[in-house]
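Using the sequences and the hints given, assemble the complete structure.
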Amino acid sequence: MNTSKTLSKIFIIALATFVCSCSNKHKNISKTTGWKINTSENGGFEAELNYEQETPSGMVFIEGGSFVMGQTGEDVLMDYNATPRKVSVASFYMDETEITNSQYREYVYWLKKAYAADEDSTIMKTYLNALPDTNAWRSELGYNEPMVKNYFRHAGFSHYPVVGVSWDQARDFCNWRTDRVNELALIEAGALQYSTNKKMSGAYEFGFITETYLAGQQKINGKIQKGGFENLGKLKDKNGRIGKLEDGILTSGYRLPTEAEWEFAAWGLIGNSIEENIDHGRYYPWDQKGVRDNRKQFQGQLLANFKRGFGDNMGIAGSLNDAGSRTMEVKSFPPNDYGLYDMAGNVSEWVLDVYRPMTDNQDDFMPFRGNVFYDMKKNDEGTNKAEFNETTGQMQDTLAVTDNSGQTRRNYFEANNTRALDGDIISSIFYGSPDAIGDEDAMYDYGKNTLINDHVHVYKGGSWSDREYWLNPGTRRYLNSFLSTHNIGFRCVLDRMGPSIEMDNRDKRKRRQFTRKTLR
1 MNTSKTLSKI FIIALATFVC SCSNKHKNIS KTTGWKINTS ENGGFEAELN
51 YEQETPSGMV FIEGGSFVMG QTGEDVLMDY NATPRKVSVA SFYMDETEIT
101 NSQYREYVYW LKKAYAADED STIMKTYLNA LPDTNAWRSE LGYNEPMVKN
151 YFRHAGFSHY PVVGVSWDQA RDFCNWRTDR VNELALIEAG ALQYSTNKKM
201 SGAYEFGFIT ETYLAGQQKI NGKIQKGGFE NLGKLKDKNG RIGKLEDGIL
251 TSGYRLPTEA EWEFAAWGLI GNSIEENIDH GRYYPWDQKG VRDNRKQFQG
301 QLLANFKRGF GDNMGIAGSL NDAGSRTMEV KSFPPNDYGL YDMAGNVSEW
351 VLDVYRPMTD NQDDFMPFRG NVFYDMKKND EGTNKAEFNE TTGQMQDTLA
401 VTDNSGQTRR NYFEANNTRA LDGDIISSIF YGSPDAIGDE DAMYDYGKNT
451 LINDHVHVYK GGSWSDREYW LNPGTRRYLN SFLSTHNIGF RCVLDRMGPS
501 IEMDNRDKRK RRQFTRKTLR
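Going letter by letter, the sequence shown gives residues 1 to 520 in my numbering.
It is worth saying that the hints were derived from the structure and are not from the lab.
Don't take each hint at face value.
As the list claims (entries may be wrong) - Think about it this way: if two alpha-carbon atoms lie no more than 30 Å apart in a straight line, the pair counts; the simulated BS3-like pairs of lysine-lysine are: (1) 307 / 296; (2) 331 / 289; (3) 86 / 113; (4) 289 / 307; (5) 296 / 244; (6) 331 / 307; (7) 244 / 31; (8) 112 / 86.
Since the model is a prediction, treat every value here as computed from it, not as a measurement.
Structure representation (structure tokens):
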């Protein structure tokens with residue numbers, strides 16, 4: 001009996017070993033040619049075949065899908081700028097909270113160490129331009145000086161959302177975050193040397209910049225970074241090669257969410273989905289019909305930080321409703337079904353889109369207005385060398401399409417598509433008029449007949465100073481990209497690379513693998 005059990009165990013182990021060896025045998029074999037890959041034997045072609053994206057720090061996974069985008073309630077202001085329409089968005093990652101004061105202070109601290117000590121006043125402005133406008137708290141007939149002096153810096157407000165930040169500043173924060181995350185990933189992979197420059201205290205010359213690194217122009221301690229990864233294509237290359245996107249180490253880049261992404265995430269309809277149907281819609285990011293919790297243990301408690309009425313920011317002492325006279329700590333209220341906090345109330349949030357009142361003409365998949373396509377600008381020394389900004393060290397961009405070069409393609413004809421079908425001559429009443437040729441303001445003449453131009457961006461969600469109406473995720477407002485207020489913040493998103501479903505949920509929804517036998 002024991003002998004048979006022993007033989008069974010040996011057979012199982014042998015079978016498992018055979019299966020594993022078979023799977024490993026084809027792991028680094030090209031399905032196209034049959035040649036070995038990821039080895040120096042056959043030229044050194046490399047491919048990461050088992051990549052799975054991890055959820056970034058401080059973010060949650062937003063599984064994409066289709067939904068009805070636009071205003072679901074009554075258009076009280078009669079703007080008619082959010083017509084309901086069905087669209088789809090891809091999966092992505094989103095910060096679970098708005099960027100807080102402490103997070104933004106980390107950003108400006110790094111800039112101060114990297115740029116503020118420079119004798120060049122132009123470089124020093126890189127740090128100064130990133131500081132939030134604390135004067136945004138001031139009011140002509142209200143006393144807010146304590147907030148002007150303390151809100152951004154004081155430890156008591158560390159976990160409060162940063163405000164006084166313009167759209168331009170929020171975009172720059174996203175770029176900085178991308179570089180810092182990629183820098184750390186390369187250091188942990190042993191592919192990047194940590195700077196010993198005491199003046200920069202860890203920051204490289206002009207700081208580590210992802211695009212500069214990928215172009216092979218990143219300087220570390222005054223010297224161009226030469227390698228870090230084993231170069232399978234050149235056996236005699238002692239320095240190795242620099243990292244590349246194909247390695248799966250570098251992130252794709254943090255950015256502001258598009259309006260469609262933000263609205264999709266705010267609704268959180270994944271909690272109301274049954275198979276392929278939405279059980280019921282929502283007016284807010286939660287299921288309750290009103291703004292008060294209807295669960296027995298939390299009966300009557302407000303679900304967001306907003307202004308209930310004139311002169312009523314937080315209720316009556318001894319029985320405060322939302323307990324927020326101004327902004328509140330993030331995570332003060334329950335999250336929506338995606339795990340996102342404060343998608344209604346606390347502060348409104350910048351999104352990526354340029355504002356236009358009509359949205360019907362946008363794509364039904366990943367709709368977005370504001371595309372300006374760029375290519376890397378090359379210098380006079382050769383086609384492989386990028387041109388850099390001498391002030392910040394950032395790579396210089398140039399418009400991807402100039403003159404008539406776009407006429408050879410069908411998907412776009414110009415680099416700047418901000419005005420496409422809403423703001424260009426074709427979409428204006430002056431189309432065909434000889435006097436309108438070359439007149440960029442024929443549709444939107446900013447400052448004369450409209451406040452809309454190509455630098456006006458959308459912000460979403462209600463804030464602590466807004467009435468209940470603005471808590472609906474379908475509502476939208478706009479502001480110039482260089483302006484900031486005391487009630488607008490932001491959060492970042494990161495694109496999902498690969499499957500639209502996370503690995504943990506993939507097996508639960510695994511599709512049937514069809515073979516010749518199953519089809520017979």
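The hints, checked one at a time:
Straight-line distance between C-alpha atoms of residue 307 and residue 296 comes to about 24 Å, which keeps the hinted pair within the 30 Å bound. A threshold of 30 Å between alpha carbons decides the hint, and for residue 331 with residue 289 the separation of about 21 Å falls inside it, so the pair holds. Restraint check for residue 86 and residue 113: not satisfied, since their Cα atoms lie roughly 47 Å apart, outside the 30 Å limit. Restraint check for residue 289 and residue 307: satisfied, since their Cα atoms lie roughly 18 Å apart, inside the 30 Å limit.
Between residue 296 and residue 244 the CA atoms are separated by roughly 54 Å; this puts the pair beyond 30 Å, and the hint is violated. Only pairs whose Cα atoms come within 30 Å are accepted, and residue 331 paired with residue 307 is accepted, the gap being roughly 18 Å. With a C-alpha separation of about 23 Å, the suggested pair residue 244 and residue 31 falls inside the 30 Å cut-off, and the hint holds. A distance of roughly 45 Å separates the Cα atoms of residue 112 and residue 86; the hinted pair therefore is violated under the 30 Å criterion.
Hints 3, 5 and 8 from the earlier list are contradicted by this structure; the remaining hints agree with it.
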